[in-house]
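Novice: Here's the letter readout for the chains.
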Amino acid sequence: MNHAAASWASLQAIRQGAPLVHNITNFVAMEVVANCLLALGASPAMVQAEEEVEDFLEIAQALVVNIGTLSSDQLAAMRRAAARAAALERPWVLDPVGAGATPWRTRAAAALIDLKPTVIRGNGSEILALAGAASGPTRGVDSSHGADEAIDAARQLARSSGAVVAVTGEIDRITDGERWREVGNGDWRMTRVTALGCAASAVIGAFLTVDPEPLRAAAGGLAVFGLAGERAAAESAGPGSLRWRIVDELASLDEAVVLEGARIA
Amino acid sequence: MNHAAASWASLQAIRQGAPLVHNITNFVAMEVVANCLLALGASPAMVQAEEEVEDFLEIAQALVVNIGTLSSDQLAAMRRAAARAAALERPWVLDPVGAGATPWRTRAAAALIDLKPTVIRGNGSEILALAGAASGPTRGVDSSHGADEAIDAARQLARSSGAVVAVTGEIDRITDGERWREVGNGDWRMTRVTALGCAASAVIGAFLTVDPEPLRAAAGGLAVFGLAGERAAAESAGPGSLRWRIVDELASLDEAVVLEGARIA
Amino acid sequence: MNHAAASWASLQAIRQGAPLVHNITNFVAMEVVANCLLALGASPAMVQAEEEVEDFLEIAQALVVNIGTLSSDQLAAMRRAAARAAALERPWVLDPVGAGATPWRTRAAAALIDLKPTVIRGNGSEILALAGAASGPTRGVDSSHGADEAIDAARQLARSSGAVVAVTGEIDRITDGERWREVGNGDWRMTRVTALGCAASAVIGAFLTVDPEPLRAAAGGLAVFGLAGERAAAESAGPGSLRWRIVDELASLDEAVVLEGARIA
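Protein chains in written order, with the numbering used here: chain A, 840 to 1104; chain B, 840 to 1104; chain C, 840 to 1104.
Careful: at least some of the hints might be erroneous.
Just the calculated beta-carbon pair ranges, DEER-fashion [as the list claims (entries may be wrong)]:
#: 1; chain 1: C; residue 1: Trp-1019; chain 2: B; residue 2: Ile-898; range: 27 to 33 Å
#: 2; chain 1: C; residue 1: Ala-925; chain 2: B; residue 2: Leu-927; range: 39 to 45 Å
#: 3; chain 1: C; residue 1: Arg-1018; chain 2: A; residue 2: Ser-911; range: 40 to 46 Å
#: 4; chain 1: C; residue 1: Ala-925; chain 2: A; residue 2: Gln-855; range: 54 to 60 Å
#: 5; chain 1: B; residue 1: Lys-955; chain 2: C; residue 2: Ala-915; range: 31 to 37 Å
#: 6; chain 1: C; residue 1: Glu-1094; chain 2: A; residue 2: Gly-1023; range: 31 to 37 Å
#: 7; chain 1: C; residue 1: Ala-922; chain 2: A; residue 2: Gly-1023; range: 44 to 50 Å
#: 8; chain 1: C; residue 1: Arg-854; chain 2: B; residue 2: Glu-1052; range: 51 to 57 Å
#: 9; chain 1: C; residue 1: Gly-856; chain 2: A; residue 2: Ile-990; range: 27 to 33 Å
#: 10; chain 1: C; residue 1: Trp-1019; chain 2: B; residue 2: Ala-844; range: 49 to 55 Å
#: 11; chain 1: C; residue 1: Arg-854; chain 2: A; residue 2: Glu-1009; range: 17 to 23 Å
#: 12; chain 1: A; residue 1: Glu-1017; chain 2: C; residue 2: Glu-1052; range: 54 to 60 Å
#: 13; chain 1: A; residue 1: Trp-1027; chain 2: C; residue 2: Arg-998; range: 43 to 49 Å
Here are some chain B residues the structure puts well away from chain A; computed CB gaps all over 12 Å [unchecked claim]:
#: 14; residue: Asp-894
#: 15; residue: Arg-919
#: 16; residue: Ala-922
#: 17; residue: Leu-927
#: 18; residue: Ala-949
#: 19; residue: Gly-971
#: 20; residue: Glu-988
#: 21; residue: Arg-994
#: 22; residue: Arg-998
#: 23; residue: Gly-1001
#: 24; residue: Arg-1018
#: 25; residue: Ala-1073
#: 26; residue: Ser-1091
#: 27; residue: Ala-1095
Simulated from the structure, these hints should not be mistaken for lab results. It should be emphasised that the depicted structure is a prediction, and the values quoted were computed from it without experimental measurement. Note that the Cβ used here is the ideal one computed from N, Cα and C, for glycine as well.
Work out the full structure: start from the sequences and follow the hints.
Specialist: So, in structure tokens, the structure goes:
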């Protein structure tokens, strides 16, 4: 089965099984993440109290952790949830938003990486910061480094952490430390809408529930999400319309569109 | 006055009086709840600090409590607010999102029910969990039980709590423990947009400010909200468009549409 | 350079420089604030943990503080961030949402004003409450006083605080305690969409990064935001469409539109 066919098979499996994806994410992203997961066919839950995250993982099929608007309370819940996910052998995704911007944030991301995420998805600046390779501070949540510069850092981080690392940018580059996948889907206008990177991470979480191979799941999720985004961008007058059109597109992707449109190499 | 005419009268009263509806709700829902209340004609406020919720109820006309992304801090504020609402004889609505999914969440919802909500609105799984009738764990925030199965549970919960209980689903069923109302408005596609159930609960809160009869207010609010949703769904290419069209529809409902469209029995 | 030309020059500078605007804002507003700043050309960040707000200001070019869904933890972070902004001579904007609604909220806003905001933007009720001139409690977050009634209060608050004070309403009135600007852009339908006032405050924050003169920056930001809003309102069937169209309009404003449309006197 080629890459596009594998992506379509996973999307079908998500639509049929409606996997429960447990998100501990930032307050800017919560709504668009939930609506993108619903449009994909998954069942999103946003549960973040320390008192219940471990119990909730008993019924969830994947966990997605995103540190965009991190607090110390949320970090404590994330650590509990990630440890439980590992114990239960649930796949989990780390989105280290803004790693490198402040020392506290970088340390928080590093502590989460110690809990063995299945996939880490970030922009070039974030991955460079996490690999200890950044030459200067990152600029908040928007990437100031291209994905290309981060290739060495991604390989290094994948090897040291055991995670599949996805560096998203004009071309998304995904590695398990040895093998590489490249995804050419997406559109630059997606970077003008907040939290679409967070939504991409959540989509990877959904793909991990139906595909045991993280490298393939990450590539498939990014291809499907990017394909919805490029179709939405083509019809949109601006970022306001792109934001809701991508949700419509995610819900309406069909076999022909995915087989012809997914660009994974 | 028939049911549809009563719904229209309440909607007019909301538009004329712009009642202040105090919400302590989840982070996914906050924005769509606020915009649905504004579109309805009410004045929403999201105030959730323990230090001020009691004072805020002095000026609010109803309270809506939603446990979707509950934290212990938020629960403490909810308990204070609910107790004050009861003391001030303000109507209040409980939306027990995800009750049954974890023991902590179920206990939190039960503790809030002890504070005498006017109306409890949930899906079948949540109402079954709260009535102690669930045969297994619920599946997060999406219902895994039909509304029909929850009829006995709703009656039991209404009698034990003193609240009007609304179980929403393909047909919404509402009871005070003796009488029943059924609302046939809505569209299945509304379940593919996050937090529209939360918005329905908030709309019930607004209806309670202009109608002293909770059974009628809950039915009227669900009919008006469902009517806006079905009109939005008919024009929408997907869940992304449905989400903003329902806000437009709420703001533009007129007498003819409500009198012809509200399906309450 | 006339007022409209100055607004256009600032908008161009924002688009070229993509200034990093640090927001500590309410949970209802976070998403629309981030998307409005991105559409304007700025780079938004929502960072609110006490552990990192001071460090983050090292890289941010302005700070925007909004108390809409205030908690005591958030207030502590706001105070640290505001003090650091003052120490680093970064401009900062205070949006005192709901000041006057509860004593705790009014005291919190007053304590923030002691930390020397560059600009305070509020509706008439909020500015009256903060100037100690309100004759009664405000009604939550919607203004129950017109902007006209708040003129004396704005002058008084500007003089006592050292901030530029902007009272937004049908006509926005902005003062440094001596001089006044009036902005005639905007549309009443913008008041039916939640958090657009919060977004206006954030846009002022972006303008402050490219214009050292706070009176002119506040007027320019309000004119550009109001212009986008009135253009969006003209095309919108209701508040649901207005909410995304204003984002599209912010991203597409060009020189001719701003020079002809900005109404600053």
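Novice: Enumerate the violated hints, using their earlier numbering and listing them in ascending order.
Specialist: Failing hints: none at all.
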